[in-house]
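Asker: When you get a sec, could you build the whole thing from the sequences and use the hints?
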Amino acid sequence: MTRLLVLLFVLLAGPAFAQAVVTTDNVRSELVSEVATVKPGEPFWVGLRQTIRPKWHTYWKNPGDSGLPTEITWKLPEGAKADPIVWPAPTLFEIGGITNYGFKDESVLLVRITPPADLAGPLTLAADANWLVCEDVCIPEEGKFELVLPSGNAVAPAPPATRTLFEQARRAVPTASPWPARYGLSKAGDPTLLVEARGLKPDAISDVYFFPAEWGPIATMARQNASITADGIRVPLKKGDAKTALPADLAGTLVLTEKTADGNVRQAFDLSARLDPAFVPAATASLANAVGAEQLSLVQALLFALLGGLILNLMPCVFPVLAMKAAAFARLAGHERSEMRRDGLAYTAGVLASFAIMAGIVIAIRSSVGEVNWGFQFQSPVFSLLIAYLFFVVGLNLSGVFEVGSRLAGVGQGLASRGGTTGAFFTGVLAVIVATPCTAPFMAAALGFALSQPAPATIAVLLAMGLGLALPYLALSMTPALQRLMPRPGPWMDRLRQFLAFPMFASAVWMIWVLTQQTGADGVLYALGGMILIAFAIWLLRIGSGASAATWLRRGLAAASVLLAFAATLKLDDSPATAASASGGPAAGVSFEGWERFSRARMAEAVAAGKPVFVDFTAAWCITCLVNERVALETPGSRKAFEQAGVVKLKGDWTNRDAEITGVLKELGRAGVPLYLFWAPGADRPKILPQVLTESLILSELSSIQQAKR
Numbered sequence: 028m029t030r031l032l033v034l035l036f037v038l039l040a041g042p043a044f045a046q047a048v049v050t051t052d053n054v055r056s057e058l059v060s061e062v063a064t065v066k067p068g069e070p071f072w073v074g075l076r077q078t079i080r081p082k083w084h085t086y087w088k089n090p091g092d093s094g095l096p097t098e099i100t101w102k103l104p105e106g107a108k109a110d111p112i113v114w115p116a117p118t119l120f121e122i123g124g125i126t127n128y129g130f131k132d133e134s135v136l137l138v139r140i141t142p143p144a145d146l147a148g149p150l151t152l153a154a155d156a157n158w159l160v161c162e163d164v165c166i167p168e169e170g171k172f173e174l175v176l177p178s179g180n181a182v183a184p185a186p187p188a189t190r191t192l193f194e195q196a197r198r199a200v201p202t203a204s205p206w207p208a209r210y211g212l213s214k215a216g217d218p219t220l221l222v223e224a225r226g227l228k229p230d231a232i233s234d235v236y237f238f239p240a241e242w243g244p245i246a247t248m249a250r251q252n253a254s255i256t257a258d259g260i261r262v263p264l265k266k267g268d269a270k271t272a273l274p275a276d277l278a279g280t281l282v283l284t285e286k287t288a289d290g291n292v293r294q295a296f297d298l299s300a301r302l303d304p305a306f307v308p309a310a311t312a313s314l315a316n317a318v319g320a321e322q323l324s325l326v327q328a329l330l331f332a333l334l335g336g337l338i339l340n341l342m343p344c345v346f347p348v349l350a351m352k353a354a355a356f357a358r359l360a361g362h363e364r365s366e367m368r369r370d371g372l373a374y375t376a377g378v379l380a381s382f383a384i385m386a387g388i389v390i391a392i393r394s395s396v397g398e399v400n401w402g403f404q405f406q407s408p409v410f411s412l413l414i415a416y417l418f419f420v421v422g423l424n425l426s427g428v429f430e431v432g433s434r435l436a437g438v439g440q441g442l443a444s445r446g447g448t449t450g451a452f453f454t455g456v457l458a459v460i461v462a463t464p465c466t467a468p469f470m471a472a473a474l475g476f477a478l479s480q481p482a483p484a485t486i487a488v489l490l491a492m493g494l495g496l497a498l499p500y501l502a503l504s505m506t507p508a509l510q511r512l513m514p515r516p517g518p519w520m521d522r523l524r525q526f527l528a529f530p531m532f533a534s535a536v537w538m539i540w541v542l543t544q545q546t547g548a549d550g551v552l553y554a555l556g557g558m559i560l561i562a563f564a565i566w567l568l569r570i571g572s573g574a575s576a577a578t579w580l581r582r583g584l585a586a587a588s589v590l591l592a593f594a595a596t597l598k599l600d601d602s603p604a605t606a607a608s609a610s611g612g613p614a615a616g617v618s619f620e621g622w623e624r625f626s627r628a629r630m631a632e633a634v635a636a637g638k639p640v641f642v643d644f645t646a647a648w649c650i651t652c653l654v655n656e657r658v659a660l661e662t663p664g665s666r667k668a669f670e671q672a673g674v675v676k677l678k679g680d681w682t683n684r685d686a687e688i689t690g691v692l693k694e695l696g697r698a699g700v701p702l703y704l705f706w707a708p709g710a711d712r713p714k715i716l717p718q719v720l721t722e723s724l725i726l727s728e729l730s731s732i733q734q735a736k737r
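Just so you know, we're using the numbering used here here: the sequence shown kicks off at 28 and counts up by one.
Just so you know, the hints here were simulated from the structure itself, not pulled from any lab data.
For clarity, every value in this text was computed on a predicted model and none was experimentally measured.
Accuracy of the hints is not assured; some may be wrong.
[Stated by the list, open to error] Subject to a maximum C-alpha distance of 30 Å in a straight line, what follows is the list of computed DSS-like cross-link-like pairs (lysine-lysine):
1) 270 x 676
2) 676 x 638
3) 88 x 266
4) 286 x 82
Answerer: Below, the structure is given as structure tokens:
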């Protein structure tokens, strides 16, 4: 019994006893040696190898805005020595707006051990290690390690697999920088790092980031926008929260990706930049603290989402669906009030259910990919084609080409004529689908907040936006005084229903046009061919009924036609790409006439030169963007004012996915387009203009430049 109790105690104690391997719920840690036999007085290397649970991470020597670095406390024989940890190059983690530096998947922390010169017998290495491992939550963990190595007259290497592990670990350690580095302070006190690596090709270097060796001097939450210049690598930074002055030598690790003949290679360099008083950086295109970039609380975000959803009812993309619902509701005039209330609640349920599903999709994509933006689905050619089909079928139904049963009333006759709770529900679903490429005032800040927050806040904000979209119709269905203002049913209802088919056909044409910007001319062939097949299927289903062999044959042909139409999606390229219109050619969906293509480098160059800069982030599928261009940005008065003020006009096309534009949107807390930035001459930060522009607003912003010139 005594032996059994001792064994049970050992099993339960686990890592409390020293061992070479310690396994916790999140990290497997192992103390390994590069040698199998040590020689007295001759240094050798050991490593703490940690295999980290997927999606979790541990921390670097400077953990960033939160976290704790891994620590190792050694217990060695007298005369032995352990050097400080040699850290591998870190990885950047951004979680909920917090920036951390650390390691994922696996890391090896190297330590050089010097055994006693008079060592006789085996060398016992004992160490207590503790680390913090985090995902959505952080868990402190620890382990006690012991490694016993025999000693001899000569060093005996470890097995080949272990030696390979150490070779890989050394490759992960930053090398000393081959270039001198210095930094200067702007008038605002913000440092700019200049690594004098002359001759680098800008198109061969990407993902440049400077990891400061210590917390405090440099703000880790400020996004770094490095650029490759004739002088080398220039990294504008922001002063950190440390109350002391910046050090005379700023130490850290510069990490970059270089495009080589063998592919992209990640490189890391340890450097120390001296403070150069003669180097006073000019204003940089910093997006931090942009004027108009709201920092919202959850309550403010919910209010903005509600207001944005309410205003969304006035946007042109939602008009056709709302008109359909209004026409259906007018047919209820004179019916029981309970029936009207059911209709309003069903419509609201359809809207809220659609936003809830959208929130679930957003959360799922964010957990797997890491980030998601509003309107992301319209960057998919497959989605554009499917929505074009939907608009086309709804238009055919409204024009009277075919009728469908009550089960599909949401996209059929029930939407415009019979009504019904099913029809009202699916009208709400359709309203959300057509509303996603639209952006209304208050929406941008609310969406930017929602897409960067934990799941409960994301769901709450999107549901608040859905409630705002449904609120006018819900209020109408619940208020008898408003119902009395509705016109009485009559023959005009059928004519209105048929008329509403044409906005749906126009919406289908618009989606085909968007598709051509994403896939080229072939997109027109696939879309129109698919619509012909769908129309053919509908015709086949209308010309007969019953259960005869001919009827079943027609149904089979109709099903084959529909499947063939949907098979067109397999031919579409749905991979990430630069917008097709980026070339600015005559067939481009986003016109670049009078504009330069957006790039961070060009933006930084123009701002540093003290020029006024206007940036328009747009997309071919963004109706609000296109309307703003017609009524505000491309009017004769605005063009003349831009020219007279000498404004550098940059346009970013987000029709297809673009990582650089997505990064800017995320940095400014925005979830989609349109987004308009304006730098006054010499300004070090931009002003964010409203999402709905007018010519007078543009002229007002530019007039200050004209007056300053006088």
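Asker: None of the hints should be skipped; say for each whether it holds.
Answerer: Verification of the supplied hints:
Using a Cα cut-off of 30 Å, the hinted pair residue 270 and residue 676 is violated, with the two alpha carbons roughly 39 Å apart. Using a Cα cut-off of 30 Å, the hinted pair residue 676 and residue 638 holds, with the two alpha carbons roughly 11 Å apart. With a C-alpha separation of about 19 Å, the suggested pair residue 88 and residue 266 falls inside the 30 Å cut-off, and the hint holds. Straight-line distance between C-alpha atoms of residue 286 and residue 82 comes to about 27 Å, which keeps the hinted pair within the 30 Å bound.
Of the hints listed earlier, the one the structure fails to meet is number 1.
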